[in-house]
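*Asks:* With this note's numbering applied, the sequence shown corresponds to residues 345 to 379, in that order.
It is possible that some hints are incorrect.
Result set (DMTMM-like, lysine to aspartate or glutamate): computed pairs, CA atoms no more than 25 Å apart in a straight line [said to hold, decoys possible]:
#, residue 1, residue 2
1, K372, E359
2, K375, E364
3, K371, E359
4, K375, E362
5, K372, E362
If you're looking for bench data, these hints aren't it; they were derived computationally from the structure.
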Amino acid sequence: MFYPQSGWVIIVQYELIEVEKLRTGIKKAAKAAYG
């Protein structure tokens, strides 16, 4: 399957944002639970 380069960049950036939000949420939850 072929994707244009710009499409990959958008997908990767979106994934990184989602991962960062998830990590932030986990940190906040851990702090609330154990802090």
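*Asks:* Each of the hints needs a verdict: does it hold here or not?
*Replies:* Tested hints:
no.	hint	result
1	K372 <-> E359	20 Å, holds
2	K375 <-> E364	16 Å, holds
3	K371 <-> E359	18 Å, holds
4	K375 <-> E362	20 Å, holds
5	K372 <-> E362	15 Å, holds
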